[in-house]
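Let chain A serve as the given structure and place chain B on it in line with the hints.
There are 2 protein chains.
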Amino acid sequence: MTYCVAMRVESGLVFLSDSRTNAGVDQVSTFRKMTVYENPGDRMLVLMTAGNLSISQSVRQLIAERINDSGRNIWNAATMHEAAQVVGDAVRAVYERDARALREFGIDFNISIIFGGQIRGERSRLFQVYAAGNFIESHDEALYFQIGEAKYGKPIIDRVLTRATSLDEAAKCALVSMDSTLRSNISCGLPLDLLIYENDKLAVSRFVNIDEKNQYFQMIRSSWGQQLKRIFEGIADPVWNATSESEANALATAGGRAEPLRVAPPQSMLRPDAHPAPPQTLAQQTPDRQQG
Amino acid sequence: MTYCVAMRVESGLVFLSDSRTNAGVDQVSTFRKMTVYENPGDRMLVLMTAGNLSISQSVRQLIAERINDSGRNIWNAATMHEAAQVVGDAVRAVYERDARALREFGIDFNISIIFGGQIRGERSRLFQVYAAGNFIESHDEALYFQIGEAKYGKPIIDRVLTRATSLDEAAKCALVSMDSTLRSNISCGLPLDLLIYENDKLAVSRFVNIDEKNQYFQMIRSSWGQQLKRIFEGIADPVWNATSESEANALATAGGRAEPLRVAPPQSMLRPDAHPAPPQTLAQQTPDRQQG
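Keeping their order, the protein sequence lines are chains A and B. Residue numbers for the first sequence follow full-length UniProt numbering, so the first one is 1 and each next one is one higher. Residue numbers for the second sequence follow full-length UniProt numbering, so the first one is 1 and each next one is one higher.
Simulated from the structure, these hints should not be mistaken for lab results. Possibly wrong hints are sitting among the right ones.
Which copy is meant is left open, because identical chains are indistinguishable; a pair holds if it fits in one copy or across any two.
Straight-line Cα separation of at most 20 Å, EDC-like style, residue types lysine to aspartate or glutamate; simulated pairs [unchecked claim]:
hint	residue 1	residue 2
1	229	179
2	201	245
3	229	168
4	201	26
5	201	122
6	213	245
7	201	168
8	213	179
9	229	259
10	201	42
11	213	10
Model, not experiment: these values are computed from the prediction.
Only chain A is shown next, with the shape it has when bound in the complex (with noise of 0.2 Å):
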């Protein structure tokens, strides 16, 4: 389905993308999910979509060619709202034209995009727009926005962005989370679009096309993994039959009454030697259960 993420730090945006597009599992393909409208001084704008891929290569067609009813367009819209009013818009007209259609074939009209950017006179921004042609802008409070297949790679950037977080070190978060999400859905896949703006600059200030073949990301992937692998190992072990709850690593303790919620065999099926299931206390590691 693709994964998209962008993030807003203090110095600036991250955009990455992947690039693969299925239409089942015989039917899978390469497609850039990354557009870039730079006037090089005026403004430099990223669009990344995810979802229904005609849909997108429609609003993306629009975009490019259309001047609206008020001749607003990408490249003359005086603010970064004005420029997703304009994207809004374009899927709008998008869905005019063929919502109905694919509702026929029972198909949603599912497309979302994430745009951002900054044009000349304000700050720098960054929106989620939605298949209803609304959006939400991002703020100090959320700092990133994701598409597509997004919960794998949700929890490290959960964990590790914050407003001060460097370019550089956003560009390696993003990295990993879109590492988790290559790993656990296959749905997504290489090459990647990545994408670093440095405010005010209003022009791409850094961008790489990763492949297979990049050493940067083979790193991340292989050395992430060997890290984890090794934390984890050293998170010590549950202590089972802890003397007290407030013991170090105590996970339970003896005599603790924790009981799972049980359904309780009916009498006839009991073995002669077995005693009936009364409360117990299971969280101690001899085989002898005490008995009730």
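Only chain B this time, still in chain A's reference frame:
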């Protein structure tokens, strides 16, 4: 929505479930998702459910009380495969009773089940039962099942779990997987049920109900997060202008020709002092762009 995970390793089984249930953000409650059917010396079976709560409860009710046509039930099934069929039959019976009425209200017949344990005479086994009452079994290449909000917690399991993992290590892995999920999705919450089963014991080995005060789980939550940040900060920063692709930490090379997909501005939009967008090398740290 809940999150439950079960793992089958060489020495036994690990089961972990949360207990949050909700019918919207203003109706959040607690319901334990794990049920134990234990006849010591004969069988130890664990059932975990995710999905529609009324369906889950009805399935439990039927399993506990129902003798089906052949007189087969959870207590006399000769194998885990038969016992899984008892569970599947209960799901189908609830479907017969409730599915149509639910559909009238636009509600899907949504239930997923993890079912595992051991019956005397065969090895421990682990199954996932679907809403249609059919099921699949875990094997040496598929060591775990997840139901509910599974995606956040999947990457760590994929990185760490093997057949040779000890029961305590597998329990740690499940707790870290749950921690990632709890942080990222508010439809899952404490307390947790954690059950360990050692092969051939034919009774629960260890059980604990984990709440906010549990010392070990709090240690995992804070320790894991801190150590993740530490190894993250230890990852080398990328080199954007490497002399060659094989240079250490080379993300992009100086003079690299990687380009994002661009849409060029119309000639009329260009600022008088700006150059039209040529093919450019952007993978450079210096602010001056190379003019084409």
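Legend entry - Violations among the numbered hints, reported as their numbers in ascending order: Violated hints: 2, 4, 9, 11; rest satisfied.
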